[in-house]
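Enquirer: Using the sequences and the hints, build the whole thing.
Taking my numbering, I'd label the letters of the sequence shown as residues 197 to 392.
Errors might be hidden in some of the hints.
Quick list of in silico lysine-lysine cross-link-like pairs, PhoX-like style, CA-CA up to 25 Å [what the hints assert, rightly or not]:
no., residue 1, residue 2
1, Lys302, Lys383
2, Lys303, Lys352
3, Lys199, Lys216
4, Lys260, Lys352
5, Lys199, Lys213
6, Lys213, Lys260
7, Lys260, Lys216
8, Lys352, Lys383
Have a look at the derived ranges for each label pair, beta carbon to beta carbon [to be verified]:
no., residue 1, residue 2, range
9, Glu226, Ser278, 16 to 24 Å
10, Asp252, Tyr300, 30 to 38 Å
11, Gly320, Glu376, 31 to 39 Å
12, Gly217, Met251, 24 to 32 Å
13, Glu304, Gln326, 17 to 25 Å
14, Pro205, Gln269, 32 to 40 Å
Note that these hints are calculated values from the structure, not bench results.
Computed from a predicted structure; not experimentally measured.
Note that beta-carbon positions come from the ideal geometry of N, C-alpha and C, so glycine has one too.
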Amino acid sequence: MNKEEWLIPATRGLGFKLDKGQIVRVTDVEGEQVADFAAYSASNPNERIDPSVTMDALHKMNVKPGDILYSNQYRPLLTIISDTVGRHDFINSACRPEMYEFLYNKKEHASCYNNLNEALMEFGLLAPDQHYPFNLFMNTVIDPSGNISVERPLSKAGDYVELRAEMDLIIAISACPCSESVCNGDKCTPIAVRII
Numbered sequence: 197m198n199k200e201e202w203l204i205p206a207t208r209g210l211g212f213k214l215d216k217g218q219i220v221r222v223t224d225v226e227g228e229q230v231a232d233f234a235a236y237s238a239s240n241p242n243e244r245i246d247p248s249v250t251m252d253a254l255h256k257m258n259v260k261p262g263d264i265l266y267s268n269q270y271r272p273l274l275t276i277i278s279d280t281v282g283r284h285d286f287i288n289s290a291c292r293p294e295m296y297e298f299l300y301n302k303k304e305h306a307s308c309y310n311n312l313n314e315a316l317m318e319f320g321l322l323a324p325d326q327h328y329p330f331n332l333f334m335n336t337v338i339d340p341s342g343n344i345s346v347e348r349p350l351s352k353a354g355d356y357v358e359l360r361a362e363m364d365l366i367i368a369i370s371a372c373p374c375s376e377s378v379c380n381g382d383k384c385t386p387i388a389v390r391i392i
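Expert: Laid out in structure tokens, this is it:
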């Protein structure tokens with residue numbers, strides 16, 4: 197695609213190329229909507245964004261402008277330039293059909309796993325066994341005893357994150373299709389994407 201701006205419909209996905217030095221802005225259009233964000237090296241399909249490596253490199257879970265997101269090979273992939281929310285998720289893998297069957301007894305449900313796979317297929321990338329994305333706007337809470345809960349996103353309409361590519365990348369984003377919990381504020385809405 198040569199386009200520079202997209203609106204990802206609720207529950208759908210998008211794939212595009214982001215050249216080194218370009219900045220992408222991901223906007224929560226209506227508020228409380230999670231966007232699963234995956235990034236792959238354009239020259240090496242085995243190198244991808246890795247939340248656990250990023251946490252290891254940064255020694256923290258909550259990122260802020262100026263922080264770098266790392267690949268599974270411990271190389272800088274993206275730098276956070278701006279963030280109007282400050283609460284995102286590194287620990288949850290992409291939702292997938294099996295999750296909806298396990299948690300909600302729903303079969304053949306739309307999922308971030310399938311959305312990301314379809315978005316990446318256009319660029320010749322094969323589906324991995326699972327995606328471990330940077331979950332923009334997702335509000336995961338870990339209490340002092342170690343219990344984990346996904347709460348309503350803190351993002352309001354128009355909130356955004358801007359990320360600068362530190363190498364040529366292939367990006368896939370899913371407007372998360374989970375309306376069964378407060379993960380997306382109980383309803384799914386669009387995500388806007390713009391290269392700036």
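Enquirer: Could you run down the list of hints and mark each one as holding or not?
Expert: Consistency of the hints with the structure:
1. Distance hint between lysine 302 and lysine 383 is fulfilled; the C-alpha atoms sit about 16 Å from each other, no more than 25 Å.
2. In summary, the hint linking lysine 303 to lysine 352 is not supported, as the alpha carbons are separated by about 31 Å, beyond the 25 Å threshold.
3. The hinted pair formed by lysine 199 and lysine 216 meets the criterion: a straight-line CA distance of about 17 Å does not exceed 25 Å.
4. Proposed proximity of lysine 260 and lysine 352 is supported: the alpha carbons are some 18 Å apart, at most 25 Å.
5. Between the alpha carbons of lysine 199 and lysine 213 the distance comes to roughly 10 Å, so the proposed pair stays at or under 25 Å and holds.
6. For the hint linking lysine 213 to lysine 260, the alpha-carbon distance of about 24 Å falls within 25 Å, and the restraint holds.
7. Distance restraint check for lysine 260 and lysine 216: the Cα-Cα separation of roughly 20 Å lies within the 25 Å cut-off, and the hinted pair is therefore satisfied.
8. The straight-line distance between the Cα atoms of lysine 352 and lysine 383 is roughly 14 Å, inside the 25 Å bound, and the hint therefore holds.
9. About 20 Å separates the C-beta atoms of glutamate 226 and serine 278, a value consistent with the hinted range of 16 to 24 Å.
10. For the hinted restraint 30 to 38 Å between aspartate 252 and tyrosine 300, the CB-CB distance of approximately 32 Å keeps it satisfied.
11. About 33 Å separates the C-beta atoms of glycine 320 and glutamate 376, a value consistent with the hinted range of 31 to 39 Å.
12. At roughly 25 Å, the beta carbons of glycine 217 and methionine 251 sit within the given window of 24 to 32 Å.
13. The supplied range of 17 to 25 Å is met by glutamate 304 and glutamine 326, whose beta-carbon atoms lie about 18 Å from each other.
14. The hinted window of 32 to 40 Å between proline 205 and glutamine 269 holds, with their beta carbons roughly 33 Å apart.
When each numbered hint is compared with the structure, a violation occurs for hint 2 only.
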